[in-house]
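Novice: Residue numbers (the UniProt record's numbering), protein chains in the order written: chain A, 1 to 353; chain B, 1 to 353; chain C, 1 to 353.
Bear in mind the hints are in silico, worked out from the structure with no lab data behind them. In this text the structure is predicted, and so the values were computed from the model without any measurement. Quick reminder that beta carbons are idealized off the backbone N, C-alpha and C, glycines included. Take the hints with a grain of salt, since some may be wrong.
As the list claims (entries may be wrong) - Lysine-lysine pairs mimicking DSSO-like chemistry, simulated, CA-CA at most 30 Å apart:
(1) A:Lys205 to A:Lys299
(2) C:Lys151 to C:Lys122
(3) A:Lys299 to A:Lys329
(4) A:Lys116 to A:Lys329
(5) B:Lys240 to C:Lys205
(6) A:Lys116 to A:Lys151
(7) B:Lys151 to C:Lys205
(8) A:Lys240 to B:Lys329
(9) B:Lys116 to B:Lys329
(10) C:Lys240 to B:Lys240
(11) A:Lys329 to C:Lys240
(12) B:Lys205 to A:Lys151
(13) C:Lys299 to C:Lys329
(14) B:Lys329 to B:Lys299
(15) B:Lys205 to B:Lys299
(16) B:Lys122 to B:Lys240
(17) A:Lys151 to A:Lys122
(18) B:Lys240 to B:Lys151
(19) B:Lys151 to B:Lys122
(20) A:Lys151 to A:Lys240
(21) A:Lys122 to A:Lys240
(22) C:Lys329 to B:Lys240
(23) C:Lys151 to A:Lys205
(24) C:Lys240 to A:Lys240
(25) A:Lys240 to B:Lys205
(26) A:Lys240 to B:Lys240
(27) A:Lys329 to A:Lys205
(28) A:Lys205 to C:Lys240
(29) C:Lys151 to C:Lys240
Said to hold, decoys possible - Sample of chain B residues with no beta-carbon within 10 Å of chain C, all distances over it, derived:
(30) Glu60
(31) Ser169
(32) Val177
(33) Gly242
(34) Gly287
(35) Glu306
(36) Asp307
(37) Arg321
(38) Cys322
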Amino acid sequence: MTVVKTDGGNFFEDFEVGRELLHATPRTVTEGDVALYTALYGPRFAPQSSDIFAMDMGFEAAPIDDWLVFHIVFARSVPDISLNAVANLGYGEGRFGAVVYPGDTLSARSRVIGVKENSNRKTGIVYVRTTGENQRGEAVLEYVRWVMVRKRDAASTAPETIVPELAESVGLDALHVPEGLNFGGYHLGAAGSPHVWDDYRVGEKIDHVDGVTVEEAEHQMATRLYQNTARVHFNQHLEKDGRFARRLVYGGHVISLTRALSFNGLANAFKVVALNGGRHVSPLFAGHTVYAWSEVLDKFELPGREDVGALRLRTTGVKDRCCGDFPFKSDDGAYDPSVVLDVDYTALMARRA
Amino acid sequence: MTVVKTDGGNFFEDFEVGRELLHATPRTVTEGDVALYTALYGPRFAPQSSDIFAMDMGFEAAPIDDWLVFHIVFARSVPDISLNAVANLGYGEGRFGAVVYPGDTLSARSRVIGVKENSNRKTGIVYVRTTGENQRGEAVLEYVRWVMVRKRDAASTAPETIVPELAESVGLDALHVPEGLNFGGYHLGAAGSPHVWDDYRVGEKIDHVDGVTVEEAEHQMATRLYQNTARVHFNQHLEKDGRFARRLVYGGHVISLTRALSFNGLANAFKVVALNGGRHVSPLFAGHTVYAWSEVLDKFELPGREDVGALRLRTTGVKDRCCGDFPFKSDDGAYDPSVVLDVDYTALMARRA
Amino acid sequence: MTVVKTDGGNFFEDFEVGRELLHATPRTVTEGDVALYTALYGPRFAPQSSDIFAMDMGFEAAPIDDWLVFHIVFARSVPDISLNAVANLGYGEGRFGAVVYPGDTLSARSRVIGVKENSNRKTGIVYVRTTGENQRGEAVLEYVRWVMVRKRDAASTAPETIVPELAESVGLDALHVPEGLNFGGYHLGAAGSPHVWDDYRVGEKIDHVDGVTVEEAEHQMATRLYQNTARVHFNQHLEKDGRFARRLVYGGHVISLTRALSFNGLANAFKVVALNGGRHVSPLFAGHTVYAWSEVLDKFELPGREDVGALRLRTTGVKDRCCGDFPFKSDDGAYDPSVVLDVDYTALMARRA
Numbered sequence: 001m002t003v004v005k006t007d008g009g010n011f012f013e014d015f016e017v018g019r020e021l022l023h024a025t026p027r028t029v030t031e032g033d034v035a036l037y038t039a040l041y042g043p044r045f046a047p048q049s050s051d052i053f054a055m056d057m058g059f060e061a062a063p064i065d066d067w068l069v070f071h072i073v074f075a076r077s078v079p080d081i082s083l084n085a086v087a088n089l090g091y092g093e094g095r096f097g098a099v100v101y102p103g104d105t106l107s108a109r110s111r112v113i114g115v116k117e118n119s120n121r122k123t124g125i126v127y128v129r130t131t132g133e134n135q136r137g138e139a140v141l142e143y144v145r146w147v148m149v150r151k152r153d154a155a156s157t158a159p160e161t162i163v164p165e166l167a168e169s170v171g172l173d174a175l176h177v178p179e180g181l182n183f184g185g186y187h188l189g190a191a192g193s194p195h196v197w198d199d200y201r202v203g204e205k206i207d208h209v210d211g212v213t214v215e216e217a218e219h220q221m222a223t224r225l226y227q228n229t230a231r232v233h234f235n236q237h238l239e240k241d242g243r244f245a246r247r248l249v250y251g252g253h254v255i256s257l258t259r260a261l262s263f264n265g266l267a268n269a270f271k272v273v274a275l276n277g278g279r280h281v282s283p284l285f286a287g288h289t290v291y292a293w294s295e296v297l298d299k300f301e302l303p304g305r306e307d308v309g310a311l312r313l314r315t316t317g318v319k320d321r322c323c324g325d326f327p328f329k330s331d332d333g334a335y336d337p338s339v340v341l342d343v344d345y346t347a348l349m350a351r352r353a
Numbered sequence: 001m002t003v004v005k006t007d008g009g010n011f012f013e014d015f016e017v018g019r020e021l022l023h024a025t026p027r028t029v030t031e032g033d034v035a036l037y038t039a040l041y042g043p044r045f046a047p048q049s050s051d052i053f054a055m056d057m058g059f060e061a062a063p064i065d066d067w068l069v070f071h072i073v074f075a076r077s078v079p080d081i082s083l084n085a086v087a088n089l090g091y092g093e094g095r096f097g098a099v100v101y102p103g104d105t106l107s108a109r110s111r112v113i114g115v116k117e118n119s120n121r122k123t124g125i126v127y128v129r130t131t132g133e134n135q136r137g138e139a140v141l142e143y144v145r146w147v148m149v150r151k152r153d154a155a156s157t158a159p160e161t162i163v164p165e166l167a168e169s170v171g172l173d174a175l176h177v178p179e180g181l182n183f184g185g186y187h188l189g190a191a192g193s194p195h196v197w198d199d200y201r202v203g204e205k206i207d208h209v210d211g212v213t214v215e216e217a218e219h220q221m222a223t224r225l226y227q228n229t230a231r232v233h234f235n236q237h238l239e240k241d242g243r244f245a246r247r248l249v250y251g252g253h254v255i256s257l258t259r260a261l262s263f264n265g266l267a268n269a270f271k272v273v274a275l276n277g278g279r280h281v282s283p284l285f286a287g288h289t290v291y292a293w294s295e296v297l298d299k300f301e302l303p304g305r306e307d308v309g310a311l312r313l314r315t316t317g318v319k320d321r322c323c324g325d326f327p328f329k330s331d332d333g334a335y336d337p338s339v340v341l342d343v344d345y346t347a348l349m350a351r352r353a
Numbered sequence: 001m002t003v004v005k006t007d008g009g010n011f012f013e014d015f016e017v018g019r020e021l022l023h024a025t026p027r028t029v030t031e032g033d034v035a036l037y038t039a040l041y042g043p044r045f046a047p048q049s050s051d052i053f054a055m056d057m058g059f060e061a062a063p064i065d066d067w068l069v070f071h072i073v074f075a076r077s078v079p080d081i082s083l084n085a086v087a088n089l090g091y092g093e094g095r096f097g098a099v100v101y102p103g104d105t106l107s108a109r110s111r112v113i114g115v116k117e118n119s120n121r122k123t124g125i126v127y128v129r130t131t132g133e134n135q136r137g138e139a140v141l142e143y144v145r146w147v148m149v150r151k152r153d154a155a156s157t158a159p160e161t162i163v164p165e166l167a168e169s170v171g172l173d174a175l176h177v178p179e180g181l182n183f184g185g186y187h188l189g190a191a192g193s194p195h196v197w198d199d200y201r202v203g204e205k206i207d208h209v210d211g212v213t214v215e216e217a218e219h220q221m222a223t224r225l226y227q228n229t230a231r232v233h234f235n236q237h238l239e240k241d242g243r244f245a246r247r248l249v250y251g252g253h254v255i256s257l258t259r260a261l262s263f264n265g266l267a268n269a270f271k272v273v274a275l276n277g278g279r280h281v282s283p284l285f286a287g288h289t290v291y292a293w294s295e296v297l298d299k300f301e302l303p304g305r306e307d308v309g310a311l312r313l314r315t316t317g318v319k320d321r322c323c324g325d326f327p328f329k330s331d332d333g334a335y336d337p338s339v340v341l342d343v344d345y346t347a348l349m350a351r352r353a
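Pulled out of the complex, with its shape left as it was, chain A reads as follows:
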């Protein structure tokens, strides 16, 4: 007998709470990845763009964009966690750790922290905490995500429901501020905006103005760059008969698009340190144009620092609709149909000297 060599992925029944999954294919991140990331999204945050600017701030070199780190870590988990997923439901308790530089090698593992069978008995929700590490075993990112996964067999017995309690946002004491950062030579002109942490107020809304139309070749190249193999992004022959009749854009592609757009209004928010929560609201397809706006949810001083503070931000990604009127939810709590992304994150920002 020949054992089937192809991997069909895990089903709901395979996710026992407490199970640890070591994900395959360690990945060295390079300057080549940075160039592609720039070509795919066009980010302009100064420390990620310039070795000189970054080193003047105390980084070793231009750090890898935080969302590129996220996509690479996330992608490693796809073959084990979400190959048989119906939907990627949400994220929480995300913390960025050790700064990633070109040449670092990332690997990832996940622990199952919750399961809940759906009432239709065909699917269930799986909660995992995924950790990405560099070659020295330092955590570069940790986050929880939950995903709806098919059962192998509708008749199989439901496991005990365990739903993890997640913090509403990452606490101030859990934020990782890179060591050695200094803002003595931080040049607002080179960074692209005079507006610093001191100038933002809680509740402030910022329309990021510009929109960018997504092409099939772009999101496919991005998603492959991360080595994310989720099938719905790549196969028109199959998807033409699927739920949407087209290839679905990887949700993370939208996160990076909105982050790049947010430069216009948040140029000094130079580093993401926490992913408090996130949700891919409605699907995005090639041909759609993505706009974005942000709201300042909260602002924090950092213990012992007068040069850098943190902003908690919610960025809303919107399709085919300008954001001058900040589309979000209606009174009954339903998202506006144009909303594709609702991501709640914390970023570091320079303070006024």
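For this one, chain A is given, so just place chains B and C on it according to the hints.
Specialist: Just chains B and C, lined up with the frame of chain A:
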């Protein structure tokens, strides 16, 4: 008088058996090329993805993907060999040599080893042996290809027919196993599959399951990355009135797509060492979805090695059709119309410790 | 009160002659950028392709393509100069300076050198001299461009008209020939052509033969790679109701396409040293196929050099039309409707040993 400065390429009459052609434009391969290759195909073989994994195996760093080496060497030969080609007919006797790393510079030359005029007197078949070398003059790849080339003048005298005898496959003693490889720390979990050389049997067929739809921007970027200038891939203004009314996808693009798909089933086939034969069966165009399946044609122990073996594999690339029933040839020997690629190669694979 | 954080760009009234603008976002150029540039355009000039070839000529490594330097410097100026531009009218007095290598960090600044309100009072022409510098403060590029910019308020008072006098071409004494270049080991075969400076005559026209069709994903990725944020290139949702009903291809994309095509005929024109003038004649859109031809406008010996000379070239970019009959202008001076680019530049070329 002004000499025409543009190069119109060679015609059938220009290929005298024994002629040596030194191809232009040496090419330094970089981490940037690796990132693009990843974005274009999404390969996940661990040593090519991770410097750490590669060095643990005895490589100097993550080696350049063997097919990327192939495409770069091949592309150098296009202006001299196939600018006036009607069709790229086949490959054989391909051997990969010195491992290529980022920073290496590749150049190429070809020797004409056969010619045969076609009965229509308008075209002929040219056989060349192409060699790619690194900056130290070490062969990184050598292969034979044959191609149908236009005659400059139908009335010109036919040369003596010389058709080289080619080995049906590259012999075991001709395979180049990189020196210093060790599998003591080879981690099957990180490599992505528990299935090693010992587990495969001759005749075994593997459906690689997934399919990927090709976009115009993708194959154009790939083909330009290699500096391949064959006109049929780039010029819709001309091709709209041509044989297919559209741009043709470079055949090598399909080889790399199928190799990346083959990870699901062959994750531990970490290095291609021989191209025994290959044929681009039917043309591929943007919009098509490529699937693949492989058959184990043969398996070899390697002299003096108990840690690594070789598999001779045939990978069939298929368009717009799943490969669950392994489409190939009908009883009369004709290929199924869905088949786009038939490539016969030998790969190294870890053995069970 | 909350200050609006997004940057709406400068209007005609903001450009006072003599004003200096320091542009944001310094940019480290890497081997990743080179790989993308190769994938987007397919250039084959040997020194930019091979570290070995370049070092044999006296370069430190493969230099960054001159037009890639141009695009990166240009892009830095967009948010300050042309965010409210109606049209990019022309270039002149462009000089490339210090050679740029991977790892260099570029920043840019511009000085306003002329203004002229248009008779409609809604727009005006702004002339700026833009300088790009590396991390050592050495100029890598300086050029003048003029651009039609919207007024904030049609009623505002017109400034005094100042139109700078620009040289018709960059003088021989102002050309920067990299120090240490030597052609002792310059290999014509590896460079791809036997035709050297000595072989070209003034007035000679060269059809570059090939054409390349532009895809939306390609020009968007290119333009983002440079961090050029001009809105007309990216937003189909907005542009569908705009002047052309489609996204406009960044004019610089065409310059790089024609430069890559010009390899066939000008393979030894290994380095651009001056941009004497340039004009984007008619707009280009995805789906168009770009062809090119060049005319030798002048040729110069360089003081004290017998190994290298300069050619002044005009390259004409053409859409959806072969260039065998060198389309340019009709007798009344109007451009042929197929012409998209008219660029006048000076390149260095090896002389016969």
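Novice: Tell me the hint numbers this structure goes against, listed in increasing order.
Specialist: As far as the earlier hints go, not one is violated by this structure.
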